[in-house]
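Number of protein chains: 2
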Amino acid sequence: MSLLVVGSVAFDAIETPFGKVDRTLGGAASYFALAASYFAPVRVVAIVGEDFTEKERAVFRNRRIDLTGVERVAGKSFFWAGRYSQNLNERTTLATELNVFANFRPTLPDVYCDSSFIFLGNIDPTLQRSVLSQVKCKPKVVGLDTMNYWIERTPAELRDTLKHTQILMINDDETRQLTGEHNLLRAAKHVFKMGPRTLVIKRGEHGALMVHDKFIFSVPGFPLEEVHDPTGAGDSFAGGFMGYLAKAGRVNEQTLRSAMVYGSVLGSFAVERFGVERLTTLKLAEITRRARLFSKLTSFKL
Amino acid sequence: MSLLVVGSVAFDAIETPFGKVDRTLGGAASYFALAASYFAPVRVVAIVGEDFTEKERAVFRNRRIDLTGVERVAGKSFFWAGRYSQNLNERTTLATELNVFANFRPTLPDVYCDSSFIFLGNIDPTLQRSVLSQVKCKPKVVGLDTMNYWIERTPAELRDTLKHTQILMINDDETRQLTGEHNLLRAAKHVFKMGPRTLVIKRGEHGALMVHDKFIFSVPGFPLEEVHDPTGAGDSFAGGFMGYLAKAGRVNEQTLRSAMVYGSVLGSFAVERFGVERLTTLKLAEITRRARLFSKLTSFKL
Numbered sequence: 085m086s087l088l089v090v091g092s093v094a095f096d097a098i099e100t101p102f103g104k105v106d107r108t109l110g111g112a113a114s115y116f117a118l119a120a121s122y123f124a125p126v127r128v129v130a131i132v133g134e135d136f137t138e139k140e141r142a143v144f145r146n147r148r149i150d151l152t153g154v155e156r157v158a159g160k161s162f163f164w165a166g167r168y169s170q171n172l173n174e175r176t177t178l179a180t181e182l183n184v185f186a187n188f189r190p191t192l193p194d195v196y197c198d199s200s201f202i203f204l205g206n207i208d209p210t211l212q213r214s215v216l217s218q219v220k221c222k223p224k225v226v227g228l229d230t231m232n233y234w235i236e237r238t239p240a241e242l243r244d245t246l247k248h249t250q251i252l253m254i255n256d257d258e259t260r261q262l263t264g265e266h267n268l269l270r271a272a273k274h275v276f277k278m279g280p281r282t283l284v285i286k287r288g289e290h291g292a293l294m295v296h297d298k299f300i301f302s303v304p305g306f307p308l309e310e311v312h313d314p315t316g317a318g319d320s321f322a323g324g325f326m327g328y329l330a331k332a333g334r335v336n337e338q339t340l341r342s343a344m345v346y347g348s349v350l351g352s353f354a355v356e357r358f359g360v361e362r363l364t365t366l367k368l369a370e371i372t373r374r375a376r377l378f379s380k381l382t383s384f385k386l
Numbered sequence: 085m086s087l088l089v090v091g092s093v094a095f096d097a098i099e100t101p102f103g104k105v106d107r108t109l110g111g112a113a114s115y116f117a118l119a120a121s122y123f124a125p126v127r128v129v130a131i132v133g134e135d136f137t138e139k140e141r142a143v144f145r146n147r148r149i150d151l152t153g154v155e156r157v158a159g160k161s162f163f164w165a166g167r168y169s170q171n172l173n174e175r176t177t178l179a180t181e182l183n184v185f186a187n188f189r190p191t192l193p194d195v196y197c198d199s200s201f202i203f204l205g206n207i208d209p210t211l212q213r214s215v216l217s218q219v220k221c222k223p224k225v226v227g228l229d230t231m232n233y234w235i236e237r238t239p240a241e242l243r244d245t246l247k248h249t250q251i252l253m254i255n256d257d258e259t260r261q262l263t264g265e266h267n268l269l270r271a272a273k274h275v276f277k278m279g280p281r282t283l284v285i286k287r288g289e290h291g292a293l294m295v296h297d298k299f300i301f302s303v304p305g306f307p308l309e310e311v312h313d314p315t316g317a318g319d320s321f322a323g324g325f326m327g328y329l330a331k332a333g334r335v336n337e338q339t340l341r342s343a344m345v346y347g348s349v350l351g352s353f354a355v356e357r358f359g360v361e362r363l364t365t366l367k368l369a370e371i372t373r374r375a376r377l378f379s380k381l382t383s384f385k386l
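Chains as they are written, first to last, in our numbering: chain A, 85 to 386; chain B, 85 to 386.
The following block holds chain A by itself, in its conformation from the complex:
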């Protein structure tokens, strides 16, 4: 089924102990769309500048990614620069230049308005809400990502958007900040009162925890010998997760559990190379193989 994502399409400068790139295609929506496209057709809503050229467009071509909703305007695209510590466990942001993103007013092309799976990437909650209001049919499921900035600065707007959200996908710190509760199970109960019935807590190398009001599911981080660039891991997770749900076409306990695994699979591939590179070379057979490795990694008999 149709999956729509709104979020950033950007350029990143990334430095890790394994290398450095000055300018590579990035942004949450880019990682999300590439990851999700292995499972279902993806429609992207974003804004880019004149520096987004045929070269960048080509990365998405020949995949099931519709860029009709990517508005190109005068100016430069969103730019982010960051450096990771020796052990990749700390990240320093060196630059954040919003550029054309500062005036982003998402407009859905008519052909997007029947999207049944929607992912609201980490942008201003008011813009997330405006995307939802442009969707004509009631979507099957709405997923949402956010961050400390919006939790602090626009709490009322975030609360309003959360009322229309079924799946909240954030990290532990954001969960604690949003709910004012350190314990994640108790925090989830606060989230349930805000709207979402499913909380997916992304925990980086420690995997992800799903707290649904009827069940709990935990998936470990995939142990890798080499992580080259953690950028976009969470967005690739979200893409694999929502892409799998859109492919399944229904949201229930079993598909949510599998979505967690496929999200983790895509997140684990994303970090193997710089930027979106690994997501562009991936084969379906590799995804299936790694999903099976997740089974081996976690299965036991009592």
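Bear in mind the hints are in silico, worked out from the structure with no lab data behind them. Note that the coordinates shown come from a computational prediction; the quantities given were computed from them, not determined experimentally. Errors might be hidden in some of the hints.
For identical chains, the list gives no copy identity; a pair is met inside one copy or between any two copies.
Cross-link-like lysine to any residue pairs, in silico, SDA-like; alpha carbons within 20 Å at most [as the list claims (entries may be wrong)]:
no., residue 1, residue 2
1, K139, W164
2, K277, R376
3, K220, L172
4, K298, E309
5, K277, F299
6, K385, R341
7, K367, T137
8, K160, L269
9, K224, T339
10, K380, N336
11, K380, H290
12, K380, S342
Let chain A serve as the given structure and place chain B on it in line with the hints.
Positioned in the frame of chain A, the structure of chain B alone reads:
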């Protein structure tokens, strides 16, 4: 089969946001023995002072715990005092009084010398080695715990003891410190060269990771709404783990995976109450039920 543990039997003063105890039975060997006794008979090798009375002895009574090897000498028992932060994620040691533990020279009673499962708790590697040398038949499996203190101060002695160890059970920081390698999979390869073919990395609320030279297994931390006292979680994990192996009587991929789950089950119970309390009220049916919850927590279909 017979399981032997050497380690500390102590008194603890513990302060957490949920309460405070001035003097409660503690020590790694206490947690280990109580946890393991749900699976197999346990033989304890430790030293205590005159303050270890009938009251403390009674905690172990009517369980399959043999205290013949607990030497009682003039003086006071090992004493530890610690305070946990509001979120239980940080611990400050307020006092460590070795007392009679400073002169601990473990001596195995004759009846212990045929022990086939052995756990060398976190004590001086030279003493760990001396315990092994007193075991007459070649043990089926030797597990070992250690800490930063021994890794820094007695590296040669630790290396020597590790040569006779099959399962190393430590936390992430200790793994990194011991091997000088941040990546846990690469760290495990260093450990394999030291002797153990199995590395169990305890990760607190994030669960545990087992890296064997033939397979990898991950178990999550059990999500709990209330953790009252994290003290002894790792030792209870070790007790559940080794106890299960001793009960199974054989060490293979399947029993190692199950041991990880039962270790996690016992660790998760231990933190529900102060000190060893929860380990003394636990029923076998509760253990079985929680082990099944671990299945639900982690199972999925592709």
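Here's how the hints hold up against the structure:
1. K139 x W164: within (19 Å within a copy, 63 Å between copies)
2. K277 x R376: Neither. Shortest intra-copy (35 Å) and inter-copy (29 Å) distances fail the 20 Å Cα cut-off.
3. K220 x L172: Answer is neither: 43 Å inside a copy and 47 Å across each miss the 20 Å cutoff.
4. K298 x E309: Result: close only across copies, 15 Å inter versus 35 Å intra.
5. K277 x F299: This pair counts as within: shortest intra-copy Cα distance 16 Å, inter-copy 42 Å.
6. K385 x R341: both (19 Å within a copy, 8 Å between copies)
7. K367 x T137: neither (26 Å within a copy, 66 Å between copies)
8. K160 x L269: Classified as neither; 42 Å inside a copy, 41 Å across copies.
9. K224 x T339: within (14 Å within a copy, 43 Å between copies)
10. K380 x N336: Classified as between: cross-chain Cα gap 15 Å, same-chain 23 Å, threshold 20 Å.
11. K380 x H290: For K380 and H290, both the intra-copy (17 Å) and inter-copy (19 Å) Cα distances are at most 20 Å.
12. K380 x S342: The answer is both: 14 Å in one copy and 13 Å across copies each meet 20 Å.
Hints 2, 3, 7 and 8 from the list above are not met by this structure, while the remaining hints are.
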